[in-house]
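As you go down the protein sequences, you meet chains W, D, C and R in turn.
All residue numbers for the first sequence refer to our numbering, where the first residue is 923 and numbers rise by one.
All residue numbers for the second sequence refer to our numbering, where the first residue is 923 and numbers rise by one.
All residue numbers for the third sequence refer to our numbering, where the first residue is 923 and numbers rise by one.
All residue numbers for the fourth sequence refer to our numbering, where the first residue is 923 and numbers rise by one.
In the EDC-like style, the derived pairs of lysine to aspartate or glutamate whose C-alpha atoms are separated by at most 20 Å in a straight line are:
id	chain 1	residue 1	chain 2	residue 2
1	C	Lys1244	R	Glu1179
2	R	Lys1244	R	Glu1022
3	D	Lys1120	W	Glu1179
4	D	Lys1244	D	Asp1019
5	R	Lys1244	C	Glu1179
6	C	Lys1120	R	Asp1180
7	W	Lys1244	D	Glu1184
8	R	Lys1120	C	Glu1179
Partial chain D-side listing against chain C, Cβ under 8 Å, derived:
id	residue
9	Gly946
10	Val948
11	Asp950
12	Gly951
13	Phe994
14	Leu997
15	Thr999
16	Gly1038
Hints are computed from structural coordinates only; laboratory data are not their basis.
All values reported here derive from a predicted model rather than from experimental measurement.
Idealized CB from N, CA, C, for every residue including glycine.
Protein chains: 4
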Amino acid sequence: MSHNTFGHLFRVTTWGESHGPAIGCVVDGCPPRLRLSEADIQPWLDRRRPGQSRFTTQRQEPDRVRILSGTFEGLTTGTPIALMIDNVDQRSKDYGDIAERYRPGHADLTYDLKYGIRDWRGGGRSSARETAMRVAAGAVARVVLGPGVTIRGALVQLGPYTISRDRWDWDEVARNPFFCPDAETAAAWAEYLDGVRKAGSSVGAVIEVVAEGAPPGLGAPIYGKLDADIAAALMGINAVKGVEIGAGFGAASLHGEDNADEMRAGNDGIVRFGSNHAGGILGGISTGQPIVARFAVKPTSSILAPRLSVDREGHEIDVSTKGRHDPCVGIRAVPVGEAMIACVLADHLLRHRAQTPDAPTEARLPLDFRQV
Amino acid sequence: MSHNTFGHLFRVTTWGESHGPAIGCVVDGCPPRLRLSEADIQPWLDRRRPGQSRFTTQRQEPDRVRILSGTFEGLTTGTPIALMIDNVDQRSKDYGDIAERYRPGHADLTYDLKYGIRDWRGGGRSSARETAMRVAAGAVARVVLGPGVTIRGALVQLGPYTISRDRWDWDEVARNPFFCPDAETAAAWAEYLDGVRKAGSSVGAVIEVVAEGAPPGLGAPIYGKLDADIAAALMGINAVKGVEIGAGFGAASLHGEDNADEMRAGNDGIVRFGSNHAGGILGGISTGQPIVARFAVKPTSSILAPRLSVDREGHEIDVSTKGRHDPCVGIRAVPVGEAMIACVLADHLLRHRAQTPDAPTEARLPLDFRQV
Amino acid sequence: MSHNTFGHLFRVTTWGESHGPAIGCVVDGCPPRLRLSEADIQPWLDRRRPGQSRFTTQRQEPDRVRILSGTFEGLTTGTPIALMIDNVDQRSKDYGDIAERYRPGHADLTYDLKYGIRDWRGGGRSSARETAMRVAAGAVARVVLGPGVTIRGALVQLGPYTISRDRWDWDEVARNPFFCPDAETAAAWAEYLDGVRKAGSSVGAVIEVVAEGAPPGLGAPIYGKLDADIAAALMGINAVKGVEIGAGFGAASLHGEDNADEMRAGNDGIVRFGSNHAGGILGGISTGQPIVARFAVKPTSSILAPRLSVDREGHEIDVSTKGRHDPCVGIRAVPVGEAMIACVLADHLLRHRAQTPDAPTEARLPLDFRQV
Amino acid sequence: MSHNTFGHLFRVTTWGESHGPAIGCVVDGCPPRLRLSEADIQPWLDRRRPGQSRFTTQRQEPDRVRILSGTFEGLTTGTPIALMIDNVDQRSKDYGDIAERYRPGHADLTYDLKYGIRDWRGGGRSSARETAMRVAAGAVARVVLGPGVTIRGALVQLGPYTISRDRWDWDEVARNPFFCPDAETAAAWAEYLDGVRKAGSSVGAVIEVVAEGAPPGLGAPIYGKLDADIAAALMGINAVKGVEIGAGFGAASLHGEDNADEMRAGNDGIVRFGSNHAGGILGGISTGQPIVARFAVKPTSSILAPRLSVDREGHEIDVSTKGRHDPCVGIRAVPVGEAMIACVLADHLLRHRAQTPDAPTEARLPLDFRQV
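Excised from the complex, chain W in its bound form (with noise of 0.2 Å):
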């Protein structure tokens, strides 16, 4: 029940500051002989670096991981993967206003009250900057997982503005600095954004992420839910306030007829649906569909519009945050939601098979299992 650890079977402890000499994780529990380098994770980290366009933060962070144990000759060994990237633009002086200052909306209090002490250097361990090893363990997720399980992400709503589903085209995600599958949504955001970010403001956004090609049967009920444990892993992200799967909050205002999603079977025996209401999770368990989550994240805490406040000895302050920060925390969010539901899946595969070694890995009719 490490507070830093996440993950049963493929498990992923990460340690670090803001402004630390570096931040790291532990990958544990990877299968053995997997092709595995850093050049299988640095692109995933390449998509969350900071400083690509205006509208993330400034801080210039290469962001270069290292592989320090658990591989051998290329192929993972079965023990457990170390990674490393060090830190290089720290500026510890952007943050001395707020070491004895409580922004709104940030942990900096809550930190002081559990533990009666910070490191309120850029936010210490709860900055974002955490969220670089999430991706570094997703992309060993993904190896685990193998090429026949993609998970993609795109931001569908910034701000109070949605993109439309039907110009949502997968590729336009990688052409836009906000992750948006319409590019035409893409084109106004940045004019907006461009206006939040001037008026030292911020805003939030909604984030989906699609896995497909996962197996029938992830998921461990009645409290190692697939959707049970994805809630946790996108909940736990820096500044998420919300976490739905498939119709989600909307499936609060249909009938159970509109909701249900009908089944065939194809001419292949393959269980095929209607519709994915269930965003491919029923009874906590998935059932080879698309899983659809969605998450939502609130406006960067740290803004310069001044906010009322009070400090660690109790006086009434206004706070204005300076140093380099995201007018959307939401956009660098889509890289880290992918992780974290790959880590998840990854985990559930593992454990999946431990118990229910012959289970189909197709969603084939009629089911045809032998007693043990």
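Based on the hints, put chains D, C and R in the right spot on chain W.
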């Protein structure tokens, strides 16, 4: 990492199926010398009990709980508390029709795909009957939290119809069959749900749970965050498709300055907030404000209206579920949601004091921690 | 990290006290579609049952086990298996004397110091009665391991008297009241233990458990080593003070060349060893050889002979325990030790195939793994 | 249930191989505001460091530890503490001979059988080099336990030669290269081990660790017993084949009245014991007496003397290991054993105060607990 256990220090393991001889749970890690008897648990079970109005299933289960271990002369001993409820009103024959058929939106298919076998009587392990034990465990958790912590839930949306927050009255919750805090809306819902029920349909809902009086400091970043654990706990309840904390998905549309909960120190030095968009949690740690969580429940999958589906052999069929079902499972999810929050808070209370035994129980400034 | 649960994927939670209404356990993570009924469990319980000879406690408990969940039509379903045994022969009045007194060598004092309360009737939770549920869980573990794995235990030392290994006969174990594999020694023990019993004294013992047929590869370095898990499992049995694997403490006196288990590949390519000082485990991983563990049980603490002690108020007293006690608790520890080894092996079997599903089930050379 | 993590609330994850770029660990759950710097850790590492006498491996590793996270201005922050040591004296070529060969008594074969791959350089992950991180983590654990708890180890047997307990002098432990508390025996061992070393052989040993000052109440029955956790922690050290607590295997030969540790309350009300056969633990819970554990280490497997074995292709070969090895790995196991006990105690201290925050820190009678 048991599949059927949740919590870390306050830990609940449940067992049992809808139509087996009994259901039960083991609550482990409970502090010793707390006054506990069946009378502390039964009232919470009675709130969840089926058959109390025409809007819930007509299955008649007295749900009498027995304590089989872990107490001595009316006090907890620190050893595991075993709770058990006999099943008395099983009618398995109602379910013979679905032994080989997969109801859309139900766990029938996925249990078969994962395990190759399922107890189809009443949904077996996937039945919401299991949630009775969550409520029982939640009652123990309330004893651990003590009288200073109040956890209350309410139905805030039924189908497309939401309550008016201006009319919110906690006392009203106990007066209508919906746990609705708004009398006027409750009346409207009764009419609406009668129509749904008579049409053989079902509908979804949204529940809000508010925990007041919890101390600051609960929650352990990065992967034991209070909101992440709440998200898992609520998403793991049957039929839940979305979870949000505080402003939730609404936060995505806000600007940073509007989402910021400004702070002031009162004359007593206690931090007070001008708003609670955070839902009482910052950086995964409780602030001392009310903890506010909402979750969305999909419409009941077992409906009379026929839907297209397949059977175990792959034949295409129509499914229409008779049995005895709730037209809106969201209603009875209210006490379940409360119980899950209670369990999560009790677990985090124990975790918190393990690592930081001298942390303050109020958000009182100035903070004056000693070096240990 | 539940205090009353062990195992990770094959996971056992026990509850209940010596003189409560019942004792029970929940076995979680069991693979589905295994044939399992009470008849698979009862015979193992019968071996441990008290009152079968004059050398064990005269408490009469039929120890009838009931399966309350987790099976359907005689097969496991993959959901938690709840097992329960009613307590029928409680005589709490026997224990009134020790309600406020601390027996030397017993858990009376430490339970009070830790919890400030204890169910003193029959030792409450600290009673060896709890081990019945270990034996029940062990029976399920044997089903998981399958008929190819044999786990047998024997008493190899009683008080200062050890068996002769030259006369070791597994069939003899069932023929005497000591689980002794050496008929001649068993006869001598009977005479010796009668003397001990009549003197109101007690004596210790050493048990050896041998598991044959387990595949190589079980155990997960560095902190999930098979021998470390066996050590915890055996040391956690009531009254155990020592555990050793293979040559054990004797290995300390050996030279490297004498301790080395030399290897040869047979005509079938399977590695065979010239000896088994390792006890079937190298580097925390099973070799495929028989797994050999021994554990030492101290003499029963509850004895008629009076000892100096204190009561709850600090008064100096003499303690003499009447009740019904085993003159050598080591005897009935034999089936308990077997059960613990079975549970550890079942857990590791599941863990092993989660991470390395294509690992060989025999130690056959040449090793020809594919890159995944 | 990570394979490479131990502990529950005070939790240690290690990574790294003998001949990789570095080894490291993450210590999670450490309470905040404890003074901690490299200077608190380095001295313990220096005691374990190789190459300090002719009786340990001649590999030269300065073992300089760096703290990479989890402290701020010299105090712990409650966030994970990452520790790292660079490997500087790898000589992989020494091991080319064993890349395809299996040394008897070594983990070579089992790693290959389990993982199908192994980093054979210096034993890779199975190397005792990993134990440096245990010692580093143990140093942090000592800070958690505070100056009131003293944990000291000593070599009490080397090969067949045991110390004289009459001559036990803790100060002597630091004065000889064996951590031997008996100067006379240390001198004899030097002569004996020189002979063993020159013969290309190796020998086993027994280590005793004594923890004084730990409060009563540590340990959580039934499956989190202090002695069970100690057994796992010690058995999991490289080459360990046996563990015992207090009287250990010797208890098997005792009568109940001889094994009983009689109690008396002193003038201060504190319970005092006439003996310590229990080794400070009753019912899995600490009594407040010194905690005494012993463990047996087998002779080093890597020896010059040739032994029969097989290679990866199944060919029969002779194995003779050159490299740089300890003639008795038991010597350097002393600080490792101390560290493991420290980690277990720190973990249980946190676990204990989570469940029973008002438990007494001394065994003082009368016990006067309040009902909560």
